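Put together the whole structure using the sequences plus the hints.
2 protein chains.
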Amino acid sequence: MLAEIITIGDELLIGQVVDTNSAWMGQQLALNGIRLNRKVAVSDNANAIREALSDSGKRAQVVLITGGLGPTKDDITKKTMADYFGMKLRMDADVLSDVEALFKRFNREMTPTNRLQAEVPEGCTVLRNKNGTAPGMWFEKDGVIYVSMPGVPYEMKAMFSDDVIPRLREKFSLPAIYHRTVMTQGIGESWLSDTLEEWEASLQSENIGLAYLPAPGIVRLRLTAYGNKQQELREKINRKIEELPALIGKYIFATDDIPLHEVVGNTLLSLGKTLVTAESCTGGFLAHQITSVAGSSQWFLGSTVTYANETKTGLLDIPQEIIVKNGAVSEEVALRMAENVRKKLNADFAISTTGIAGPSGGTAEKPVGTVWIAVATKDSVKAKLFQFGDNRERNIVRSAQAGMMMLLKTIKGEF
Amino acid sequence: MLAEIITIGDELLIGQVVDTNSAWMGQQLALNGIRLNRKVAVSDNANAIREALSDSGKRAQVVLITGGLGPTKDDITKKTMADYFGMKLRMDADVLSDVEALFKRFNREMTPTNRLQAEVPEGCTVLRNKNGTAPGMWFEKDGVIYVSMPGVPYEMKAMFSDDVIPRLREKFSLPAIYHRTVMTQGIGESWLSDTLEEWEASLQSENIGLAYLPAPGIVRLRLTAYGNKQQELREKINRKIEELPALIGKYIFATDDIPLHEVVGNTLLSLGKTLVTAESCTGGFLAHQITSVAGSSQWFLGSTVTYANETKTGLLDIPQEIIVKNGAVSEEVALRMAENVRKKLNADFAISTTGIAGPSGGTAEKPVGTVWIAVATKDSVKAKLFQFGDNRERNIVRSAQAGMMMLLKTIKGEF
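Sequence order for the protein chains is X and A.
Residue numbering for the first sequence is 1 to 415, as defined by the numbering used here.
Residue numbering for the second sequence is 1 to 415, as defined by the numbering used here.
These are calculated hints, taken from the structure and not from any lab test.
Because the structure is a prediction, the values reported are computed rather than measured.
Identical copies carry no separate label here, and so any pair may be met within one copy or between two of them.
Keeping only pairs whose Cα atoms sit at most 30 Å apart, straight-line, the calculated DSBU-like set for lysine-lysine is:
hint, residue 1, residue 2
1, Lys171, Lys58
2, Lys343, Lys412
3, Lys325, Lys343
4, Lys366, Lys384
Structural data, given as structure tokens:
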């Protein structure tokens, strides 16, 4: 079964908003065996919306629409859809009571604009919005289903998971599909591809698709198979994944699509151990990634972000003369940062980062991208030098990843 | 002039990669007076790519294509494009030498797959890639320009800015367009819309478009005008923006599209003052946002992330009895965090955050979303209580924003 996504909003075309909705919906569709054929973004313009509805309706059995349903006057989606399906707008009492309840809950006054959100095309099935004021709308026309959802991500996600997917599952009998993703860190796409050449050829003979999905410092290998029986597809793919550790084992940190910081969290949680960090070049990003996981307070105690040299002394008791002698970006300082923060906060493990994220601050001896990372345990502290590139954002991300990978290797006794 | 964007890659449809390229390209096109009409994502499939090229070529004068050019074998874009334009592939000596130089620079061995990246369709104009191995390709067919670029964001961005935009400017005579964005924090979209009703009506009579662009805690108001003379459009929009402070002044933090953390950085830099932060519920996100700005080391000294109660004592000398008596999420603790970190690190200003980000940890008295934020100066320290929602990620973002907004107001003497 084919689906298409239409996202609506001038803000998407003018680039003031990055569309994360359609990526999330694509994941959910794939997990449910629905193939996303195409996605298109159009402006808040009745003709463009009508044309997109018509084009997608010709190719797909399900057309998912997000955006263009906000309370403000630049939104014309609802009216255009009502016209397209030949319906009039009516006030929906249930939706109105949802909107009223939401305003009551947040103790805010309701405006006339908010009331209008409770209007819906008369022939559609209304999907109630538990998290916002714009209802979803489900239409059927010439055997094609069209579902309009709000553009606010958490409103759309709840509606899609709780309401849209169950209705689609009920409506269609879906083909089997199986995906699995292997996560690698610290190895480039081309090098991986050449290392895996033979293995990749063996996938083709088993009719398994492979995609390399690179992100800074990370390459994900996604295996996909379509067929009749989910169980067979699963076994076929899992057999191939079991061959990978012998080929690229030291780069693999997960055999499912899990971010590195979640792997770190799961590992520490299962061991009952605690972590602290001492960050210079990562500037809080490492702590932020770790604490983005709910429940991280069970194993993460805290971090020091010591951007200025004086702060390295003030928070971590690293003598100025050590910093002056070795430089802030040095093995000695990285080791002391990790060791001192671990002791000071009484944790089992510590990761430290000190480097030159760029774009300025580099020298001939220590160019931009030079990063020292250390990991301390109760028994040892070790540091490693990395040479990343010249992009600040990527250097920050890669430093955080390299630190977490070093921690995992230290725990496994491989570093 | 109309442009369309085609992004290519199964990973976009299956949702394993969020497309940030097209948003960025949309911004650049708008800044250059080129209107993005539509963007579409298709799979790594020759038919889908051909259909998208043909559809976009009928509607637009410029078709921009990204993705599908990596070194691995799932990439078929180059071959499909060569076929579509009736060209054969040839080895390009300049591109080959670029690829070789890149591998030399990073001290890595070149693979046979990498060599193939230097093949290009024989009739296209080659756009050299300064940051990666896949070259860009510029085609012209029936008066329409097609430009294929790599999908890796920093490779695409450099090529687009340095090569594609100058070539498009040379080729077309572009219409005048002017955008300006006003940034607000701490006020919802509906409330803004109702407050600005009269002002908004006055925009319509001057033929100025208005869009409300909400993000967690932030609403951007984007004004747009098209016409003949850039200078007239600019003056017309700026006159309307000057009316806003009287209506919603206390929510405005910028009258250009600048993130809050950059406004904070610019303000501190111009005053020659320094900032530190003490974070609990924001978990390093505040420091990360601040240090994502290059040069932030000039005014940001560091942060403590004190997730565990013991860490609040260990790093910030807050007595356990104070924490036990008031709770970690309390005015008293927020005040001491800000005051102590400022003194300890000898900074001019400090922001502290302590709250319950969720999803767990809430109580009847202090539900999820309860956040105390304090700002300390050399003369004063003040705290404010916020009640955000029940989404962890949003609560972290909104807490960081509220803290930065409080700092700006403190500096202006408004808090």
